[in-house]
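Q: As a plain string of letters, each chain reads:
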Amino acid sequence: MTTSTEGALASIPALLARNVARFGSKPAYREKEFGIWQSWTWSETASEIDAMALGLIALGLAEGDHVAIIGRNRPALYWSMVAIQKAGAVPVPVYQDSVAEEMAYVLDHCGARFVIAGDQEQVDKVLEVQDRVTTIEHILYYDARGMRKYDHERLHAMADVQAEGRAASERLKPELERRSAALTADNTCVMLYTSGTTGKPKGVVLSNRNIIETSRASAEFDQLRASDEVLAYLPMAWVGDFIFSVGQAYWTGFCVNCPERPETMYENLHEIGPSYFFAPPRYFEERITALLIRMEDAGRLKKALFDRFMALAKKVGPRLLDGKPVGGWDRLVYAIGQVMIYGPVRNRAGMTNVRVAYTAGEAIGPEIFEFWRSLGINLKQLYGQTEASVFITQQKDNEVRADTVGTPTPGVELRIDEQGEVHYRSPGVFVEYFKNPDSTAATKDAENWVATGDAGFIEPETGHLRIIDRAKDVGKMVSGALFAPKYVENKLKFFPNILEAVVFGNDRETCAAFLNIDLTAVGNWAERNNIAYSSYQELAGHPQVIAMIQSHVEEVNASLSEDDMLSGCQIHRFLVLHKELDADDGELTRTRKVRRRIIEEKYGDLVTALYNGSAEVFTETEVTYEDGRKGKISATLKICDAAVAAVRPAVQEAAE
Amino acid sequence: MLDQTVTADGRTIGGVVMEMRNITLRFGGVVAIRDISFDIREGEIRAIIGPNGAGKSSMLNVISGFYHPQEGEVWFHGEKRRPMKPYQIARQGIARTFQNIALFDGMSVLDNIMTGRLNHMSASFLDQMIWWGRAEREEVANREKAEEIIDFLEIQAIRKTPVGRLPYGLKKRVELARALVAAPKILLLDEPMAGMNVEEKEDMSRFVLDVNDEFGTTIVLIEHDMGVVMDLSDRVVVMDYGKKIGDGTPDDVRGNQEVIDAYLGVSHD
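Line by line, the protein sequences give chains A and B.
With my numbering applied, the first sequence corresponds to residues 252 to 907, in that order.
With my numbering applied, the second sequence corresponds to residues -7 to 261, in that order.
The shape of chain B in the complex, shown without the other chains:
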């Protein structure tokens, strides 16, 4: 599966990096995800859409490894994934943002972003106490990466502002920064545009495209705004009541009768 495609706008999309095979996820008696299969290719923007309660966020948690499905297999980089410990999850190179912003309100933007570098810190407790040498070098390298992302997302002006004082749209951007600073291979965005006005949505869309373009990051996003999804994504998975009802390019999905029914409702006469 090492095929490569070049999109209309000149990006290269590589082979499959992750594959979901017949995933079923249950919480007690509730079936959140029912027998779903799809794949994610390197460098693409993959959207997951569906009505409320369709199981989108659960799906994202399966992708990240936070949930281990009861049935089915997740193949990541050609290996079958086993249940993992949290630190193992974090080290896979998958970063995410949350539907409800999960930042440290009392800390500055910079400190929040620096927490995203946790996996890139290996200096020991003793090193940290001595500070000079290893710990210092590491801190400098991490700060450099953080500054690169701050520049990229144009949040220099709020570098030292406590996150709690920021408006919603900017918090979302800081959260994206924290995810990006980990230099992830795959970035999971859970409703990155929720609650934003048109201008903020446009900014965020531009950033998502730039991240994908500049860093070659594979992006999986959940979004309700159909305009955004159709404009941004290369391929779309449509879920409804835990089932997959569509999968393909935005155009394919838009023409799919089942999808239209799920979103617009069906008349029962």
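Chain A on its own, in the form it takes in the complex:
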């Protein structure tokens, strides 16, 4: 399977045709509906997709049009993306939880004439913005529930469009064949809007070559095969989902499973038992928190067994996974542990069949990472970007470490520039930012090298890439010491009690931080310690909670003081925020990255208080509810001083 994108397999529809020929009767998609897993073979999938493509052409879809897709992961929406491609147009998946305003920007920017929405909720949002987005001509919806009373002049049920397509098959088939045959490796495969930690989202144009070459290289890297199973539960608008559930799925022909509803994801994961799995670090963290909380409630015998075997797993599990030598006795006990503890834990987590699991997007806590690996789960890290069609570096099976992101994916070249910023060049490098040549030029040079915006270095001995921080966030403190906020934030976030952290200190004398408590972990702790609280705000402001957080901050300070480069980043003062940072309020991106400039601006009063020595501060904050309405919450926040360990002289500077 070394066929390149030049030739017959230059597009996703071409791969679909190949899969029908090769795996026609094998399941391509499954979705749980009405309590039963429904499945569609590759042949059935192709016929659904054809009907959609014909229907779209019948409605007037032209080649090169952009079509927005909004909804949760459902087979029909994945099919619609391929149908759009087959009809010569470009799918633009949009984050389904975006509020109407964000959606309006994207729809307007890509000039979508057609919008495909999952259900009534999404249709409502589109209808709300259609006055501002004048290009919209047709809205298609999949789930017809509650839509009967709507004005159907421009609204169409997907089933009707497909029926129309089938009816007009004879007339339109030649046109569809012509359009799909005309697709080359240079045609746009998909356009994905990056959430962007600053400014407006940018539309990343990825060609067929980008997607297919990257999918091929990465699938071969991990020996993905047609018998693999994945669970598609991450946002369809995220490049990772597009690569896993479309690119790699069509390249290798594996089966994509869609959960019944977002809330049933854990249960569905357990039922499917995927062999290839991706989740952000937060997911792996949450599941451990949930597991440990339940173990606290277990009987004494079970708890003792669990602790005993987990201690052993911690010692030998990762070594066994890497094929390193392990003593005979430990091997035997580990085998018993497999039956009694590890197997059941893996099974509950839906990880029994996992051959390859990845995490990426944020740094993962070493302990969390090791926990999963010690259970015998091949959890690895990768480093990627939308602009690279995901893959830049990946960890090889026997070279897995918590503190690196691995070596370059086959076909990727890496370079670190003088400022320490990571650059790469690969077949996956994006074509351009849509209607934004300035940004394109600023990110990608003439030789196709792309600046990642991340500062990092390559370990000389191993060739592994290590990421320090966002390049533009790395700054200097007044003393001249290096300021790397994300590095410190990650250290803080490794404590289960801390959900988010925002560290300030650029061009300042000292560092200070905003912290968010993790309601699950802290709430559970409060219950155990008989601490009564009635709201998130009250719990966050509880003196004992603050004392606990303070001890975490001081631990981080102690660990930072041992690092020559970053000892200046110790946190002198901090406060625990009265609300969770939220993407709806623009404080996080949709992929839950902190937008520090916006936070610094919005909570200017709190930042001032952190630095002017006051012991508490009154603040009022605007919050956006899920339905877009706004409200205000106010609170008086305590500002705490944290003990700081002595800063060693900066060795780095002395060396210069």
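Where hints are given, some of them may not hold.
[As the list claims (entries may be wrong)] In silico BS3-like pairs for lysine-lysine, Cα to Cα no more than 27 angstroms straight-line:
id, chain 1, residue 1, chain 2, residue 2
1, A, 883, B, 193
2, B, 193, A, 881
3, A, 283, B, 163
4, A, 830, B, 193
[As the list claims (entries may be wrong)] Coverage of chain A stretches by chain B, computed from C-beta distances (three or more under 8 angstroms per stretch; other residues unrestricted):
id, region
5, 394 to 404
6, 509 to 515
Keep in mind that the hints were calculated from the coordinates and are not lab data.
The beta-carbon is built from N, C-alpha and C at its ideal position, and this holds for glycine as well.
Use these hints to put chain B onto chain A, whose structure you have.
A: Frame of chain A; chain B shown alone:
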């Protein structure tokens, strides 16, 4: 009376399915309902409102057939209703939810919902023992209907959860599911939003409208939240001390002086 009206939002409301003629209901010396007449039309959402103790729940029980009024007549599908046995009541195609949730706490959500299919089970004791064949087919059909309703009310995630562990708002939804799974012609909701927060109320309102829209179910509901009543219902009956003091569209009722007095109180000077 086979007239049809189409509402502003495009629903069709058909002829009269049930008519109350001069109903009086007494419990010993207490007169719960005094000489009330009104009708219910097919496919409409009919609200009954009134202060506490106005006789609303009693009225609902008269509609369901559980109470037989001492005076007056209930006409259902063009027939005068006679006193009925409980199983006859259940087979009329009228389902209801209760003001105080009445579910089986120890049973799963799915099992609770399946109990709503009781009227659609006809396999004999012997069939059930043999299981294959008739009993199995029936079970499959009933489960299919239950799953359809679970999907409709978006409670897939709690399908196997014991009802006792659910929060109040979800219990209310499960109760609605159990009523819906019987595929009723008329659905009686006794304070479906009581004790809910704003978000839960919005969800429930959406479900009530969707049920009416999707299945064409006639809905009679008792509710205290005036906002909800005015938004949801096509016509409203207002009761006070067992008497009817208003009947008409939400706008009519809102402007009715007697209704305003009953709800806001009258000054006695």
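Q: With reference to the structure, classify each hint as holding or not holding.
A: Against the structure, the hints:
no. : hint          : result
1   : A/883 x B/193 : 22 angstroms, holds
2   : B/193 x A/881 : 19 angstroms, holds
3   : A/283 x B/163 : 24 angstroms, holds
4   : A/830 x B/193 : 24 angstroms, holds
5   : 394 to 404    : holds (count 4)
6   : 509 to 515    : holds (count 4)
This entry satisfies every hint, going by the numbered hints stated previously.
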